[in-house]
Structure formats: structure tokens, C-alpha cells
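Asks: One-letter residues, chain by chain:
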Amino acid sequence: MLISLNEIKKLVKVDLTDAELVKLIGSRLVEVESVTDLKEKYKKIYLVKVLSAEDIEGTHLHLCKIDAGEELGHSVQVVCGAPNVHAGMLAAWIAPGAIVPATFGTNEPFEIAVRKLHGFESNGMLAAADELALGTDHAGIIELSPDLTAAPGTPLTDVLDLDDKIIEVENKSLTHRPDCFGLIGFAREVAGILGQQFVEPRLPQIDCEAKKGSITIESPDLCPCYSYSVINLENPLAKKPYFDFGDVFLAKAGMHSISPIVDVTNIYMLLTGQPLHAFDYDKFLKVGGTAEPKIGVRLAREPESLTLLDGSNVKLTQHDIVITSNDVPVALAGAMGGELTKIDETTERVILESATFSLCNLRKTQMAHGIFSEAITRFTKGQPAANCEPVLLAATQDIVDVSQRAQAEFYAVHYAAPLAPIVITLTTKEINALLGSSYTPELIIQTLENTGFAVKPAGETLTVTAPAWRTDIHIKEDIIEEVGRLLGFDNLPLNFPLRPFVCPSVDELWTLKEQLRTLLSDRLDANELLTYSFVSKSLQEKAGEDVTDSYKIVNSLSPELECFRQTLVPSLLEKLRENQKAGYKERTLYELNQVTRKSLGLNDEGVPVMETDLGVVMPGDFYAAKAVLLELEKYLGVKFKLSRLETDGTFEPVHAAAIYLNETKVGQIGEIKTGVCRAFKLGETASALELTLDKLLGQKTQRTAKIALSRFPSVSRDLTVRVDADTAFEQVEAAIRAALSQNTGLLYTIEPVSIFRKEETSKNLSFHLEMTSTEKTLESKEISAIIEKITNSLTELGAEVV
Amino acid sequence: MSKLEELKLELKNLGREYAKIKTLDPAERKAFGEKLNAKKQGLLAEIKALEDAAFSEDLPALDFSAPFGENAPKFTYKKGTKHPLTTELSIVGEIYRNMGFNVIEARQLDDEFHMFESLNFPEGHPARDGYDTFRTEEGFIPPAHTSTMQYRALTRFRGNLEEKGQIAVVVPGRVFRNEDVDATHEHTFYQCEGVFVSRSANMGQLLSVLKTFFETYYGQKLNIKTQPGYFPFTEPSLEFQIEKPAALGGKGDGWLEMCGCGMVHPNVLKTAGIDPEVYKGFAWGGGIDRLVMLKYGINDVRYFESGKLDFLKEF
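Residue numbers (the working numbering), protein chains in the order written: chain A, 19 to 820; chain B, 2 to 316.
These are computed hints drawn from the structure, not numbers from a lab. Where hints are given, some of them may not hold.
[Said to hold, decoys possible] Straight-line Cα separation of at most 16 Å, EDC-like style, residue types lysine to aspartate or glutamate; simulated pairs:
#	chain 1	residue 1	chain 2	residue 2
1	B	K80	A	E604
2	B	K49	B	E7
3	A	K382	B	E139
4	B	K245	B	E216
5	B	K314	A	D543
6	B	K226	A	E320
7	A	K603	B	D311
8	A	K616	B	E139
For reference, chain A alone in the conformation it holds in the complex:
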């Protein structure tokens, strides 16, 4: 929203510099996104009088002489293409060296220079409203009223109230403040933060008959208040002849002049926040086929449709509120009027509407039809019912004043429910307790009264009545916010909460993730990635996943981001390929993140069960992944068991295994199917490891470091064992371990060295043994005895020491 500081200053006495004022607004009312200095924007643009305008033959151009005053010259030559340029008119002249205001502040500011047109020198240009960024009109240059007393050569900023600063404020933080969407409401807040009592401006008020009228409202929620007046213009209103302050007022708010009546409605909306709408009275009756206006407010009924003012035809939804003439929709309430009842240059009578509607319905209308007008922006903040009538009476008076001959016939107001003031009772103690402040009751009361609250003190207790425009006040905290904000949150004394002398509990999952990252990145040389939670259908298909098991995002940004991912491995395989292509060949990639699938079901809260997974991918075969798993076991102090993998889309069943921890399946490990590798364009074998971390929680066993140091020298022996090809490695290792553990006082380590398959039926397993006694130096015969035990133990297994 754009706010003119000059307009604020008309309503509040400001003794601060503009910079100080903007800073205060920023810290106590709303974020200021930008400040535009109009004095800069309209530099070197002057009021001039056109002395002569002669046609340049064979062109649409005119050779003009202008009076730009004593300093700039009483007879400056300008070439002008506008059809309406004529001798004697007052116009706006963009002098050479000036920036065309419409391009001011853009990436390509356009500077006016002296140049030749058809052989004639043109010094600057006479400007149209759009070039001045004061309207959209480009049909001709602007003409100012001959009644202006300013002399030619006066800067335009002095003539048209453009010595001003426009601040752009962030609407979002005023979502709950419909009153601040009008200049009066905004100024009231400025008074409040300056510690001044705001003097409410007196709005004009038409003196005409109040009738009951004919207003039918389907349900009170839809429309808390509907009011309208009927104005007889006597004669249709002509477009105003001169560019004036009204145009500038609208332009400063980012709007522009449309017609005298619409301009009045827009000006009142900008002043008060209350949008108004004007219907052509006769067209309204014609649509309804009635002799008197029969106004209705109801929800649209499908399949109704309506042609709007902008010519678009919209299919109405059951959430849209429509204004009807004898039950025929004529306007999309709060959003846009209808084509059939549009006012135009032939309009003789006007129905002026001032109403407020259900913001929830209007929000749906806004979304369904993509209408983001100044009016609906205000309506969706919930304009107060109490404002409808006074704004209607003021705008009606203004239209009568504008047209001079017009007369207001009557007005009617319909409230869905009687207006009840909002009263909150609270104590100064409660206010200070929540803010951590020590404000006096006097200061609190004054602060609230400055912006229109009525406060009745009784000892510590304050009975606060909110002004009618503060529809956002419901609870004590709303009042406390007003006090804290208006007096400045930045002025609150800082203090700390007292803290009990306890250590916060540690979240096990959080800690586990930290441990895994340290292990994988710092010790195993892997790279951690984060990839999107949203994946495409095709990615899942490529990885052999069941697409129907993934949650589908209905409003995804693209098909690439259509599904919530079921596992981490497909995303990681894609990144493995991309990074391999970029030259990172032998990298192990991993991610720790959440996944879910429909088949996991919902939890007690009725939301999908989420799993936090570790996904690891790498080039290489099963054992590349197994090496990571072995480190995990050691580091986490757990013992995993591998067993056959049920059929799987991603993993090669013969070269992959399910990982079990205490009878619970916690993940899988192994080689990616050849077909999947091909789909991901991975040239060589790739393997992966997937662990569901949630299932590891609470499973920790004691992690003992096997450290027992002996002061005696250690002896090493290498041992190669030939076994049947299908004898499991772990059986052989267990047999060796069993034999070693029979020796008292013996410390030992068994390190697998190689696994060598010599022939079809057998394989050789080699181990490196380190042995030492805690009691003495081992002699060679004692070592021989140990080896013999091992040999015996292995022989029982059918193995042979070679």
C-alpha cells in the first residue's frame, strides 16, 4: 500500500523530519518497504503556458512556443504531437535534463534531451498523464485549470502538491487492521505513536431522507451491513475538463481517474478504507424488471455466471457473494461490478453502495477469479460495519457537490445485527506483566485514548471500549499489544527468564543424526547432500518404486515436484550420476532426511507416519556398502543381521540383503538392479544402504572398546583356511574365535585379510592374528599349541588350514 506523507501531515501535526517519521512508522506501526521522494521524481518539470501551437505540415506534430517563466525563457520552442495542444492552455513541461517520471526509479530512466523533430528543435516535451506517472491517459497532454494562480515556470511539485514523499508499506503485517487501509486510520496510528490525541476529521454528511429501502440479505454472516443511497444527477456528468488535485491524490495511491463518480468512491475508499460501488440506477431496474430497486445479497448458485466491468465473464462458485437486482446477479460483491449496471456518460441516476461482506467468502472469490483490486484487498481485512453508513453519507454529499445540480433522493441502511461495542476489562498489572514493563496507569490510559479507545479506570482495573473501527480487538492481549506497540516495543527493558538448574533432555534422533554425519563425513570420507522432498513420478518409476504409494501434491510447482518421496535412494542415485558426470567418480553420497509412503499409514494424530532415513549410495558392489555398514555397527555399538531381501524394485535381490536389528527389519543394503542403473545412466555397478533411523532408537547396547594392553610382546601369525565354497565366512571366524578364547590370559585380534576363490567347490580365507599374553612372553611351543586348537576347531567345521 502506498501512503503519502503529506496526506498524513494534513491530519496529524508532525514535528519530526520525514526520515524520523518513517523510522517511527517502521518500528511502531508497519514495515516500510520503500520511500519515494516525489521532489526528486518531478525535478525539472514545470507549469508552462502554451503561447502558440502550429501544425507542422505533413505530420501530426505541432510546433509550439511556450512561456516557461523568467528564468527558463518566455518563448521556448517545443514540438508536441498531442492533438489537444492549443494556444493559451496551461500544461506540464518536462525540461531538457529531466527524467521522464514514468521511468523514474526503473532500470532504464529516460532523460529528456534537446533534439530535432522534422528539422525543428524541440526543447523538452509537453507531458501526458501517463508520462508523468499521474494517470494512464495518453490521448493528450494534461491541461491544468486556467484558474491556477501559479505563474508559468513554477515547478510542478509546487503546483500539484508533489513536494511529497510516498512510502510503500507491507500489507501483510496489517492483515488484522482494516482501519489502517485508509489514510484517516493510518494517520490516527501516527498520532498514537507520536503520543498525540488524534483529532477525527469531520466528514461531510448529506441531508436527505432515510428510508427502509428494499434490501434482502440471505444470511447475516454474508453481509453485516448493507447501505445505499440513490442520487439523481439531473444531467449526465461530463468528464472533468482539467487535470487537478483529485488526479494527483489518486496517483499517489497508485490509482487513476476513471469518471467523476468513480473517482469520488475511490477517494473515499483511500481516505476511510471503506470501498464503495456505484450502479447505474436505471440499468439496475431494467435487469430486475422492477420499478423500485430490489436489492439482494446472497451466495451465487451454480451454474450462474456474470459479465464483469472489465468485460470478463466469470462462472460463479457457491462461495461467491453476489449483489442482485430482484434476484438477478448484477455484481460480484466486494470484488467487481457487473457490465450490465455499469455507470457511463449517459447515467442519470446512481445507486451508491457502501457495505461490508464476509471476508472468508471474499477470500475465496479473490482466489477463484484472481481479482486483486484495491477494494477487495480492503474487504478481505474485514471492514467494520460501523463505517458503512458515515462513508455513504459523505460520498453521497461529495457527488452532489461535484455535479452541482444533483440531488440525493434517499438512503437506506440494513444491519445484520445491532452494532455492539467491544469492551475489554483488564488491569494495568496484567499489561505490565506481559510486556515486562512498568508503565503508569496514566500513561497507559492516555496512550489508548490517543487512538480512539475509551478507558474507564477503577483502581487497578481498566474498562476499555474499543472504537467501532477496531474489529480486530477481542482479548486482553490485543489491548496490551496496543500499549506496547504505541509506546515502542524497543523501549521495553530486557530481562531473562529464570531457569531451573537442569540440563535439557537430548533428543535421541537428533543426536543419532549428528553421530552419523560425523562418522560418514569425517571418518568415511562421504559427502552429505540435501535433496528435495518432492520428486517426479518418473524418478520413482526409474527406481522401480510403486508410484501409487507416494503422496501426490495437487498444487505442485511442476511435474518434477509432484510426489512426496518414499525413500532417499532415487534422489541420491540421480545426484550420483550428475556428480559422476561432473568428474566426481569415486564418491560416496548420503542424505539424512524424512520420507513417507501411503502404506506406512497414519499415526495417532491422523497424519502420515514419517520415517527419518539414512540413505547412502556409492559406485561399487555389495561389499562397498557392507564396508559402511560394518563401520556403522562399530561406531553405534549395534549388531546388525543380514538376511535375504524380499523382491524389491530398486535393489538386486541376489546381491542385496535386508538389514535386521533385534528381529526388526531396519533397512536394506546391496547392489542396485542393473535395469535401474541403466535408467539412471550409471555406467558401473552402484550400491546403496538404507536405514530407518527411528527403528534404531532405544536399541543401543553398551559400546565397549576392546582395549586391554599387555606389557609383554605380541606375536603375529597369518592363517589361511580352505573351506567349501558355501561355508559362511562368519562360521569360520567364529571357530577361530572360539579356539582363541579357550586360552586364559590371551589377548588377540582377528583381522580378515583376503577371500580367494581358487576352484568351483572351495575357497581360501586368510586371517591375520595378533596374540599376546597378559602374564608372560609367549614361547613358540605355546603358540603352536594355540594354533593347534584353532586347527582342531576348524577341522570340526570341515575346514582345512593350509
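Please arrange chain B on chain A, whose structure you already have, making use of the hints.
Replies: Showing chain B alone in chain A's frame:
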């Protein structure tokens, strides 16, 4: 004869001098011995210095600017990396833990109740539009802010109010917004939420806690300021700013918007089964991606989820 040879000869001759000691009067022997010893030590030091210098002179000169030596293998270190966002989340979590906050992580698929209802967003209220939420076919919502976890944090740690007099929780997590992606906007990013409840929680405490956090994070004293804001789940609501810290090139000018915050709305406490007449709370939430971007001068938020080692190897 070189200087070194001269010194060595002198040392040798000095040995002979010692013999004279026997000829001296016993009273003079001590002083004589000490004198000779001192001379000997001096000679030895001189000889050592000359020998060291001679050794150094024989060494080939090095090119200190070269990354590795001639005819020698290049030193390489391991290439494992942690993601900068998760690293930062750890740091942030650790600071809050040191301040007494429990750390729990946010869910990545949630529902209307946790996203809106439990946070005092009335049904169909336009304030819901500010969040640009994604939805699944079933109506589940990938959360648009970590505040979805407030209700869970409050109910899960409600018992702490009796036992410890307060609830203190921070919730880092991944959040999602349906908005067009460019260098400064991502549909997927990280936030950290915080909530504190006690009988005497107030706004001064809220500002102190945030100030302390950022001072610890940036390792310096910082000026702070606020801006009024609007969130349905806090009342009053604020935007919290810090002065640009020296670590980010700040020179006492410029402000950084860090998070939204405020006093927990009584309806939020009530929904979580906490009596708002007895207990007050404050809460805040802010982005993590921006902290990391500012810290390392990263100019494109899209790098984070790109999975590109060209980027990640820097961390």
C-alpha cells in the same frame, strides 16, 4: 685456516691450560677453574653456531609458494563433507540447548490442524493465504512454517510446567512454500521455531532470549530493534531485527530481519491444554538458509538442494 678450525684449535689448547691448575695456590684454583670453564662454554657455543650455519648453507632452497615439493607426491586430504545447512542447524540447536531449550525436529508432512487450527487461524481466514501451502490429494500439508510443531511441543512438554516451571523447546525443520523459485526464493527451506512458556514469561524476556542467541551466534554484542507484525498465533506480534554483525561486514549500519516473534496467543495455549490465565508464553521462528547465505556470501539459495559437489565441497 678457517674460523672454525681456529676455534677448534683454541679449544684443544684450552685443555692444556687446565693442567696449570695444579701449580696454583689452592685459594686461587676455584676462580681459575671457573674462568676456564666459561671460556670453554663460549667456544663450544661459537663452534656449534658455525657448524649449524654450515649445515643450513648446504640445504637446497625451497619455493615457499609451491603447493608441494619437487619430485614428491602431492599431499591429499580426505574429501568428506557435511552439508552447510545441517551444520548450521547443529550450531543453532547447540546454542539453544546451552540456553536450556530442548531440541526436537519438525515433521515434513502435516495437516490443517497443526498448520492452521491449532495456531488460531480461523477457518477460511485470509491470513492462511500468506503461507502458500502445498497440499496432497488427501489434504495433508507439507508445512509452510515450523510453527506446525508448536502444538506438539506444548503438549509433549506440558508436564515440564509442573516439574520445572517452564516449557523451553526449539524445533528446527524443513518447510515448503508454493512460490516461484529464483536466486532468493526456494520452495524448500529450513526454519527454526522456538517456544517458551512459564508463569512470568514476558516480552522483555523474549527480546533478551533472541538477543542472547544472536550475540552468541555471531560472537559479539548486538543492537536489536523490532517492527510490529501480524501472526494469528502470537499477540502481540513482532518482527525481530539485529544490527549487521561485524562477521558479515557490518559497520554499525544496516539491519537484518531475523525472525517473526511474539507472545503466544492465549487460544494457542488453550488448544494445547495450558491455562492462559496462569501461564504466558513467547515464540519465534526464523529462516536458517539466510543465516548460511550471509555467513558464506552465497548468492543463490538454489545451491543448497542442488546436490552438486562443486558447491558442497567448499564446506
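Asks: Holds or violated: are the alpha carbons of K603 of chain A and D311 of chain B at most 16 Å from each other?
Replies: The hint holds at about 13 Å.
Asks: For the pair supplied as a hint, K616 of chain A and E139 of chain B, confirm whether the alpha-carbon distance does not exceed 16 Å.
Replies: 10 Å, holds
Asks: K245 of chain B and E216 of chain B: Cα distance at most 16 Å?
Replies: 11 Å, holds
Asks: Holds or violated: are the alpha carbons of K314 of chain B and D543 of chain A at most 16 Å from each other?
Replies: Judged against 16 Å, a Cα distance of about 12 Å means the pair holds.
Asks: Hey, K226 of chain B versus E320 of chain A, does the alpha-carbon distance stay inside 16 Å?
Replies: 51 Å, violated
Asks: Given the proposed pairing of K382 of chain A with E139 of chain B, does the C-alpha separation stay at or below 16 Å?
Replies: 20 Å, violated
Asks: Are the Cα atoms of K80 of chain B and E604 of chain A separated by 16 Å or less?
Replies: 11 Å, holds
Asks: Please verify whether K49 of chain B and E7 of chain B have alpha carbons no more than 16 Å apart.
Replies: 14 Å, holds
When held up to the earlier numbered hints, the structure conflicts with 3, 6 and fits the remainder.
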